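Asks: Please model the entire structure based on the sequences and the hints provided.
Residue numbers (numbering that gives the first Met the number 0), protein chains in the order written: chain A, 0 to 412; chain B, 0 to 91.
Hints were generated in silico from the structure; no laboratory data involved. A hint or two may mislead.
[Claimed, not checked] A few chain B residues that face chain A, going by a derived Cβ cut-off under 10 angstroms, partial list only: (1) Pro8; (2) Pro10; (3) Thr15; (4) Pro19; (5) Val21; (6) Asp44; (7) Leu46; (8) Phe68; (9) Lys70; (10) Ser83; (11) Ala87.
[What the hints assert, rightly or not] Some residues of chain B that are not near chain A, with every Cβ distance over 10 angstroms (derived): (12) Thr4; (13) Thr9; (14) Leu11; (15) Gln16; (16) Asp24; (17) Lys26; (18) Asp29; (19) Asp30; (20) Lys33; (21) Asp34; (22) Glu36; (23) Arg37; (24) Tyr39; (25) Asp78; (26) Asp80; (27) Pro86.
All values derive from a computational prediction rather than experimental measurement. Yeah, the Cβ is synthetic: ideal placement off N, Cα and C, and Gly gets one too.
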Amino acid sequence: MSFIKGLRCRECGRDFPAKALFVCEYCFGSLEVDYDYPAIQARLTRELIQSRPPNIWRYRELLPIDGNPTVGFHTGMTPFFRAERLAHALGVKELYLKDDSVCCPTLSFKDRVVSVALSRARELGFDTVACASTGNLANAVSALSAQAGFKRFIFIPADLEAGKVVGSLIFQPRLVAVEGNYDEVNRLCAEIATRYRWAFVNINIRPYYAEGSKTYGFEVAEQMGWKAPRHIVVPAASGSLLVKIWKGFKELHRLGLIEKPQTRLYAAQAEGCSPIVTAIEEGSDIIKPVKPKTIAKSLAIGNPADGYYAADAIRETGGGGAAVSDSEIVEGIKLLGRTEGVFTETAGGVTVAATRRLIEEKRIPRDEPIVVCITGHGLKTQEAVVDSIGRPIRIKPTLDSFEEQVKDKTGGQ
Amino acid sequence: MMAITVRIPTPLQKLTQDQPEVTADGKTVDDLLKDLERRYPGFKDRLCDPQGRLRRFVNIYVNEEDIRFLKQEATPLKDGDEVSIIPAIAGG
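Replies: Here it is as structure tokens:
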């Protein structure tokens, strides 16, 4: 049964059919899926959701497909837990991690959006899928489209981390490394998308794809005991995840599944690519594009498509943002590792470092609960930390060598 | 007369009789948009808001460079330049 009413322009409100369209042909605004909320409300309850398997499709009524999903049966319901040791290190009372570094199958939140995009692409009759990616999306499309049996073309910037290249190639897509930055890859793909009838998950399938990010917010609310968090810090590249987490909370409230959210949203960006945070800090209506220069390549989108909506959501909720340096990012990754045993990629380092900054600057109070969004695994971006985490202690296979090199030098610890 | 190649995004191809690429003329991007409006009436309305400014989800590139890194609508054009008009797109 379908709950999709159609697509609606986020700028001018014109309605379009629920096809492979992504942009309003009148004003170029992006299109958003519109649902039959009364019909969903008549059906969807907390009990129904909780009775379903622990994957993103437990929220199926709020996801944009007509029939049954094709992929993503192991995606979602990632760990959500109280992080006491990180809270102590940051000097706050109550802090939680939502950990998509262990999202299946490719260790980032992109498995959510791609599971939705590919299920919809199949319904729309495509046999070939494609994407422009900073790496995580490439991994997710490569793996899930292999599982779903699509032909696939994946476009990435040529300078990506080895982990992200291997993490795509292993699934044997046609992987195209473009000599340029992500914004250039994206522009090229927009032009390719007009020539070939492929399902570009982040272009012509975008309205459906982006809805998958709501499941991150749904899970946070469900795992908190059916309520929205007070403060939530979200890494921002295109800005879509932040916008959709907020939409997810609002939808749950609209359906009577949670109380009215008292949430404040915060965007975490790298100093070398912070168009959204800059716009918020300057109180500007314009998102000025930048040429990214940061180790956080998964957040290196200089021309963020959802930047305006992310800034709107942040202002609407009284939240904020912080932009952190490359060295703070590395420190953030290490801090999360040594306090919570979670190895996150550079984007997670950005989020931890931004959270620290927002707390230190008293923009997030120390006595209110905070959720930190971890969205990808550290094995994908080893280059960022390999030179700043020390080396193993090398010894001979003898007790003497052990005691001399390890026990005596480290004080027996 | 200068010949500037303009790549037309799908939503605007109805105005250009389904041509994905057209030739137009102009010393600057602003001139070019005016010339496109002369050749394909209605064109400028779709790209610009009622105050005549480019809509915020329209990206224009001259020889693959975003005009917001150049001189915006005053970006100069020369014979043989290629201009792309592209809606903003998501990603990650």
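Asks: All the hints need checking, so say for each whether the structure fits it.
Replies: How the hints compare with the structure:
no. : hint  : result
1   : Pro8  : holds (7 angstroms)
2   : Pro10 : holds (4 angstroms)
3   : Thr15 : violated (12 angstroms)
4   : Pro19 : holds (6 angstroms)
5   : Val21 : violated (14 angstroms)
6   : Asp44 : holds (9 angstroms)
7   : Leu46 : holds (8 angstroms)
8   : Phe68 : holds (7 angstroms)
9   : Lys70 : violated (14 angstroms)
10  : Ser83 : holds (7 angstroms)
11  : Ala87 : holds (4 angstroms)
12  : Thr4  : holds (13 angstroms)
13  : Thr9  : violated (5 angstroms)
14  : Leu11 : violated (8 angstroms)
15  : Gln16 : holds (15 angstroms)
16  : Asp24 : holds (22 angstroms)
17  : Lys26 : holds (24 angstroms)
18  : Asp29 : holds (18 angstroms)
19  : Asp30 : holds (21 angstroms)
20  : Lys33 : holds (19 angstroms)
21  : Asp34 : holds (20 angstroms)
22  : Glu36 : holds (16 angstroms)
23  : Arg37 : holds (21 angstroms)
24  : Tyr39 : holds (14 angstroms)
25  : Asp78 : holds (22 angstroms)
26  : Asp80 : holds (16 angstroms)
27  : Pro86 : violated (4 angstroms)
Going through the hint list in order, the structure does not satisfy hints 3, 5, 9, 13, 14, 27.
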